[in-house]
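S.K.: Residue-level listing of the chains:
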Amino acid sequence: MKIGIKLVIVSEILVLLTISSIGYVALQIGNQSIRERIEAQLGSVTTLKADHLDDFIKEKIENIISLRNQYTHLLLESQYTTQNGREFLRDRLIENSYFTEFFILNNNGTVQLSTDPMQEGKVKSNEEYFKQGQSDTFLQSFYYDLSLQQPAITIATPVKNENNETIQVFAGRMNISEISEIMSERTGLGETGETYLINNLNFVVTPLKTEENTLFKKAVYTDIIKKGLTEKPTNTQILSGYLNYANTPSIGSYVYLSDLNVLLITEMSDAEASAPLQALGNNILVMSLLIFFVTLVFCIYIPQKILKQINNLTTITESISGGNLGVAVDITSTDEVGQLASSFEKMRKSLQTTNEELLRTQRNLEKKVEKRTAELNEKMKKLQDSEIATLNINEDLQRTVDKLKETQTTIELQNIQLKKLDKIKSDFLNITSHELRTPMSAIKGYVQMIMKQKLGETTEEQKQALNVIIRNTNRLDSLIQDILDISRLESGTMKFIAEPTNIQQMIKEAIETTHSLADTKKIQLSTNIEENLPTIVIDKERIKQVIMNLINNAIKFSPNGSSILVRVKKETDNLLIEVQDHGRGIPKEHQTKIFNTFYQVDSGMDRKFGGAGLGLSIARGIVLSHGGNIWVESSGLPGEGSIFKFTLPLIPVHDLEGKFRDVDIFRLKDTKKIIENDLRNKTVIWKEETADKGEKS
Amino acid sequence: MKKIMIGLILLGCMLLLSFSGCVQEKPSKLQDVHVGLSWIHEAQFAGLYWADQNDLYKNEGLNVTLTPYNYEDLAQKLVDGTYDFVLLQTDTLLLAREQGLPVKAIFADYRLMPTVYFSKKAQNITKPEDLLNKTVGVAYSERYPLVAMLKQEGINLSSVNIVEREYDYGWLANGSYAVEAGWVTDGDTVQAIVGEYNVIRPYEYGVNWYADLICTTDDMITNHSDLVEKFIRATSTGWENAIEHQDSAALLTQKYDPTTQADHLKFVLQVSSPLIHTGEDHIGWMKKSVFEDTTQILLDQGILTQTVNANDVFTMKFLEKIYSTG
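Protein chains in written order, with this note's numbering: chain A, 1447 to 2143; chain B, 17 to 342.
Derived from the structure by calculation, the hints contain no laboratory data.
C-beta atoms are modelled at their ideal positions from N, C-alpha and C, and glycine is treated no differently.
One should not assume that every hint holds.
Some but not every residue of chain B turned toward chain A, in silico, with C-beta under 7 Å [as the list claims (entries may be wrong)]:
no., residue
1, Y221
2, G295
3, H298
Put together the whole structure using the sequences plus the hints.
M.R.: See the structure below:
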């Protein structure tokens, strides 16, 4: 849908809504206003008529009373005769034309005198005006007078003598023509409005506008009459929306006239009452249509004018989008659209300028691009050469990797072979140790028997020889014991018996055991043990073995006459045990290695002092199994000696065997790490080299 | 497809028609009501004719048969059950009641006596005293109001020659009688026979009773009050319409007696209307004093031998109910 049509539809909907709303409100207000005006008008007419009738009746009553007084005066005069009385009535009737008859009733209700001689002698004793009129002035309203053959109103008033006794009744009869005239006066009632009277019997007693010959003949039971005769309101009331006697929807006002005993109704048809509203509605409709069509014209014209300019702009826009910036915008107005067109024209000119500059720039760029392209081609060529070189490097690397893989496979095979050899060695050591100890025990037993001359007497030389045998046998036995321990340590079959141990006592036992060896070199063994040391849970024999091993090593490598100090002190979580000697010391580079199996600082020296280099390895394994640590501190300078230290945790370690199995007695893990680090370093170097080559390529 | 649609629409219409026929109110069976009129078919019964011919009776569920007078004892026929309602004159009603017939007036058609005394205009007989030394022809009960009127006026009855006669206004024309009694509704006939005439109306001289009283039995009033109320309501409305539309109402008579003359019928209703609807009370309304006065007149003249309680001869309960409800 085009925007112009949309604008027209939206605008007209808004206009219609506005007009409808205003029209509705206007009609509502108008309706109320008109209704109020009509009701006021009807009410006003009713009140006026009621007042008029009231005045009329009062006037007639006053007339009758006045005439009655005149008649009484005449009657009481001595010259009164019937003829005089008749003439009096006749003269008064001429003066009061709205009365149709004056008559005098005696106390029996018989007409004694009348302006109508035919009425004289007739009996009215049953008539209400006679009955009531004997005592007071009475108006008999709207009855059908048979003598007159028409509806009538009679006013009767008593004629009294000097003694105030009723001697006659003076009556005046009116026909209702004058009242009918009052009621027929339709000023302010429009075309259909009328006023009429209804008596208590629902009969019409004054003429109707639309129907003839209805007096005392037509009984009407419309809602307004039923309501009026039921309520008998003395103030004007309004009723609308009822059907009147002619079945016409009407609006009316009513009031009950108690003097006349009639209901006064003023009514008009709803159609006429609402005619102004209808006219208002028509005017609103006409105005609405006028506004609608005027706005429709504007809604069509103005958007068309605007759209023409917009379409012009659209055409130029399409032209511009097609690359033609040379078409100028036609600016026909100075309004917003004109401003838009003006702005658009500026933009077009700007675009045109910019486009020309762009073209120039494009041409320059094209030249530059051509130049850059040539350069790039050249560089591309070089790059292609570089790629070939990079490919060669990659091939080299691949070859290196292949070789490394082959080497790795070889190493893995060798590793398997080594493991097999290691197992054979362990088995060999184990078996050999056991097998050696048996003959060694026999040798030692027989040598001791010979030494004790249980097999005969021995010479001093024999004894010396035997001592050599025993000394070497002991060394050999010790060596075998160490090998067995190492074997157990290595195979994880070393047994530990943990028990609460008095460390001081244990040190004392170790000192006592090694004391004889120290004596041989006149070395003084002393202890410095902190007091109140706690009892700790350890394998006493194994730890004692460690201490003895350290003391024996200290004795072994200490000069004669020196001293060895064993110190024990409590640290936060550990007991620290130290064995200090004043021997040759251990160089720094050997301090960590001396705990390796079969490691000796100086092979020549160690052979001199004896030992296979297993003791410290065993000691390390035991200490580590207990959760402690062992190390040596030495400056490495001769005479300054060494301090072997190891710790034992105050909190006992469970599963000493399991712990021991985890101990890397032969420091194989360290070896593996060294190998792995070696490999890793080589790989990193290789990767870095490869990366460098990649970057370069 | 089109034919099927048309067929369906027709079928729907037929169903609707048959359904609407089903839902129409089935007329209930009308109750037969027999009414004995006090005279031959005449416009004096226009109110009843209106109710009959405009379905006022039917709408009340009544099938009313209006039977013209056939010189019969209507009160007896009423009691016998020949009629459900009859139209009686006040004197007839009082006499019937005196005789012990359980009949009672429920509605007065003529509330002013229609009996008048005709005379040639030239005779100038306009008031009771003019009857002195005159021959007055009467029939049936027309004597009673005359005597009552003369008494009321203090006229010596012996000075008036009251003669029983059959209806024939020719005697008035030929001078056999100076005055002839009759209903005011005979005025056009008198006019035609006699020419200009005068009338003396007894009610103008204080003598009045009701004519064409609609009567029924005490049993009906007590045990079938619903039926009585329906009949009176329709009759009352019929009379209101007949008074309003006198000419057309009068012509309704011709349905029952096509030989009746339109002008006569119109005249009858025209002169009857002021007597039926006096403007004093509602149509049909009755007063106890009228029955009491009539009883006294009849007693005075020896027609009634004993006083009849006025309360026994009429009831207002139906009229009061009807007019109180509008």
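S.K.: Could you work out which earlier hints the structure fails to respect and list their numbers in ascending sequence?
M.R.: Hints that this structure does not satisfy do not exist here, as all of them hold.
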